[in-house]
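**Q** Quick one: dock chain against chain with the hints and give me the complex.
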Amino acid sequence: MKRSGFIIIISALFAASTGLALLLPRIKHGTTANIYRGGECIYSVDLSLVSESYTVDFDDGKSHVNTVEIAPGRIRVLEANCPDGVCVNTGWTDSPAKPIICLPAKLIIRISGEAPDGFDAVTGAAR
Amino acid sequence: MNTKRLTFLAVLTAAALGIFIIEAQIPPLAPIPGIKLGLANVITLWALYALGARDAGLVLAARILLGALFAGSATALLYSAAGGALCFGLQLLLKRAAGEKNIWALGVLGAVAHNAGQLVCAAAVTGSAAVFAYAPVLTASACVTGLFTGLIANALYTKLKDTRIMQGL
Ligand SMILES: [Zn+2]
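Chains as they are written, first to last, in the numbering used here: chain A, 1 to 127; chain B, 1001 to 1169.
Check each hint, because a few of them may be wrong.
To be verified - DSS-like, lysine-lysine: derived pairs with alpha carbons at most 25 angstroms apart: (1) Lys106(A) / Lys1004(B); (2) Lys1161(B) / Lys1095(B); (3) Lys1101(B) / Lys62(A); (4) Lys1101(B) / Lys1161(B); (5) Lys2(A) / Lys1095(B); (6) Lys1161(B) / Lys1004(B); (7) Lys2(A) / Lys1004(B); (8) Lys1095(B) / Lys1159(B).
Said to hold, decoys possible - Every beta carbon over 10 angstroms from chain A, so not counted as near; a handful from chain B, in silico: (9) Glu1023; (10) Arg1054; (11) Leu1092; (12) Leu1151.
Claimed, not checked - Computed spacing ranges between beta-carbons, pair by pair: (13) Lys28(A) / Ala1124(B): 44 to 54 angstroms; (14) Ser48(A) / Ala1097(B): 47 to 57 angstroms; (15) Ala1097(B) / Leu49(A): 53 to 63 angstroms; (16) Val1011(B) / Pro72(A): 50 to 60 angstroms; (17) Gly1018(B) / Thr55(A): 33 to 43 angstroms; (18) His29(A) / Ala1124(B): 23 to 33 angstroms; (19) Gly39(A) / Lys1004(B): 49 to 59 angstroms; (20) Val65(A) / Ala1097(B): 44 to 54 angstroms; (21) Leu49(A) / Val1144(B): 36 to 46 angstroms; (22) Val1011(B) / Glu114(A): 40 to 50 angstroms; (23) Glu1100(B) / Lys62(A): 42 to 52 angstroms; (24) Ile8(A) / Gly1089(B): 20 to 30 angstroms; (25) Asn81(A) / Arg1096(B): 23 to 33 angstroms.
Treat the hints as calculated values from the structure; they're not laboratory data.
Keep in mind that this is a model prediction, so the values were computed, not measured.
Heads up, the beta-carbon is just placed ideally off N, CA and C, and yes, glycines get one too.
With the rest of the complex left out, here is chain B (with noise of 0.2 angstroms):
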């Protein structure tokens, strides 16, 4: 890995981190610790594409991480590793599937498994399904908002494809 790439991503997971912790400001929309809009997946998601599975995985775990340091505690790490975790394998799973014209479509089915590995989580830790309950709005809220986070990421890919900042990475 050179500097530049270095540099890059560095600057990647501070931007990442930036989003996460304004957003964790945010009310949540269930009563589920890190449920949210998950805007800092927008970084995720293009480094996935621009920069490949393991740079894009490296910012995520950075950006969990220090996340939880900033944000949160150990069990805010947990559900938000978890979400991220579900999310992006996803995300690898179906980038050949997808291609670079659905990058959209892998912003929604991502934020939807995000949201499923947080409630799986919270189920385990109450010990009771009792949590699934809020399964239907976070999946209805996960499609409105990953599509706005999709498109997002879509565009950046897009409009960044062949432009100098990519040159030398």
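Okay, chain A solo, but in the shape it has when bound (with noise of 0.2 angstroms):
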């Protein structure tokens, strides 16, 4: 293959996915926050109806403990004793295209435009 054609390839490839990356998060429809391990949802609850912080713990008995903060309106792992700290490093997310992961204890905060079926969110409220 030519030189142009390798160009011409890899700058559609750039251009393509530098627009995504600064286009996806523009996007920003749903405010419920569901949370995964293993690809099973453990945990959702929609964020515009939070009206005060509080913190939830969710330990997956295998000693990893993700401490999740629940804010009006965003999401965070506050504290994590995995040994990457990449969850935490995260920070905030209040954005579809920014979901938070922890790989060592599979833990995944995705936010969404609902609840998945079958699952009821929390309402919200501090308790």
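**A** As structure tokens, this is what we get:
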């Protein structure tokens, strides 16, 4: 293949990915935070209904504990005992484009329009 | 394999490992362990052209195993191996099509493939496609860092091609 062929392919790849990377975070549909472990939803909360911050501990039963802070309109992992600390460093999220991922604990926090089918979101009031 | 070549491969592995460990100290661009600039790929890519697929593969495998031992964990090894294998596989596949003049392009495409391998691995571990939300930002950054590593590998290959360093290997 000629040099120009590679330049075209790579430019297209770069333009498309940059465009998506810039556009996706602007899409803000959904205020429900769904928390998954191993692909299964274990907690769901509508962040727009949260009036006061509170924390919930998620223990995987294998010594991983993630303390999640649920605040008005946003959510983060406040504390975790995973070795990499990536989930805590990700910080707050309020966008579907920025899921919070803790690979050691197999935990994912994802913003979405609604709770998964058959799952009742908690109302979000501080308890 | 003669002694000079064996020694040379060991030096290359040490260099790649050094780059890899220094790079591991830089904070990641996305919450996936092992996602980084991929500067160690300069060594593998150059070796693929200068020494051939078998020896480049050996250096890569040694770097991944030793890197996990020094800087990472068993899980880091999984991600590193998934990314490394996909990256190297693609470069191997495209080596002939790219030729000596387009080594830089394999740097870019290899870096993109490396991140893709790690994302797929992370999706498998978490049982969720949510990690792919980071695919665009990772692909865009892989284009930039891959161009950087690809151009270095390309220049290295061109400069070293007919020098005494390569004689008797
Ligand atoms: Zn974590």
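**Q** Would you mind marking each hint as holding or not holding in the structure?
**A** Taking the hints in turn, this is what the structure says about them:
Between Lys106(A) and Lys1004(B) the alpha-carbon distance is near 46 angstroms, which puts this suggested pair outside the 25 angstroms criterion. For the hint linking Lys1161(B) to Lys1095(B), the alpha-carbon distance of about 17 angstroms falls within 25 angstroms, and the restraint holds. Between Lys1101(B) and Lys62(A) the CA atoms are separated by roughly 52 angstroms; this puts the pair beyond 25 angstroms, and the hint is violated. Only pairs whose Cα atoms come within 25 angstroms are accepted, and Lys1101(B) paired with Lys1161(B) is accepted, the gap being roughly 13 angstroms.
For the proposed pair Lys2(A) and Lys1095(B), the alpha carbon gap of about 13 angstroms is at most 25 angstroms, so the pair holds. This hinted pair checks out: Lys1161(B) and Lys1004(B) have alpha carbons roughly 17 angstroms apart, not beyond 25 angstroms. In summary, the hint linking Lys2(A) to Lys1004(B) is not supported, as the alpha carbons are separated by about 35 angstroms, beyond the 25 angstroms threshold. With a C-alpha separation of about 19 angstroms, the suggested pairing of Lys1095(B) with Lys1159(B) holds against the 25 angstroms cut-off.
Listed as a non-interface residue, Glu1023(B) keeps its Cβ farther than 10 angstroms from every Cβ of chain A; the least gap is roughly 15 angstroms. Consistency note on Arg1054(B): stated as away from chain A, and its beta-carbon is indeed over 10 angstroms from all of that chain's, at 24 angstroms minimum. At roughly 15 angstroms, the least C-beta separation between Leu1092(B) and chain A is larger than 10 angstroms, which holds for a residue marked as non-interface. For Leu1151(B), the shortest C-beta to C-beta distance to chain A comes to about 12 angstroms, beyond the 10 angstroms cut-off, and the non-interface label holds.
The beta-carbon spacing between Lys28(A) and Ala1124(B), approximately 29 angstroms, falls outside the hinted interval of 44 to 54 angstroms. Taking 47 to 57 angstroms as the suggested C-beta distance range, the pair Ser48(A) and Ala1097(B) conforms, at roughly 52 angstroms. Roughly 55 angstroms separates the CB atoms of Ala1097(B) and Leu49(A), a value that falls within the hinted 53 to 63 angstroms. With their beta carbons about 57 angstroms apart, Val1011(B) and Pro72(A) fall inside the hinted range of 50 to 60 angstroms.
The hinted range of 33 to 43 angstroms is satisfied by Gly1018(B) and Thr55(A), whose Cβ atoms lie roughly 42 angstroms apart. Judged by the Cβ atoms, the range 23 to 33 angstroms given for His29(A) and Ala1124(B) holds: they are separated by roughly 27 angstroms. Against the hinted window of 49 to 59 angstroms, the Cβ-Cβ separation of Gly39(A) and Lys1004(B) comes to about 51 angstroms, which satisfies the hint. Separation of Val65(A) from Ala1097(B) is about 50 angstroms and conforms to the stated range, judged on CB atoms against 44 to 54 angstroms.
At about 41 angstroms, the beta-carbon gap between Leu49(A) and Val1144(B) stays in the expected band of 36 to 46 angstroms. For the hinted restraint 40 to 50 angstroms between Val1011(B) and Glu114(A), the CB-CB distance of approximately 57 angstroms leaves it violated. A C-beta distance of roughly 50 angstroms is found between Glu1100(B) and Lys62(A), which places it inside the suggested range of 42 to 52 angstroms. Ile8(A) and Gly1089(B) have their C-beta atoms about 23 angstroms apart, which keeps the hinted 20 to 30 angstroms range intact.
The beta-carbon spacing between Asn81(A) and Arg1096(B), approximately 49 angstroms, falls outside the hinted interval of 23 to 33 angstroms.
When each numbered hint is compared with the structure, violations occur for hints 1, 3, 7, 13, 22 and 25.
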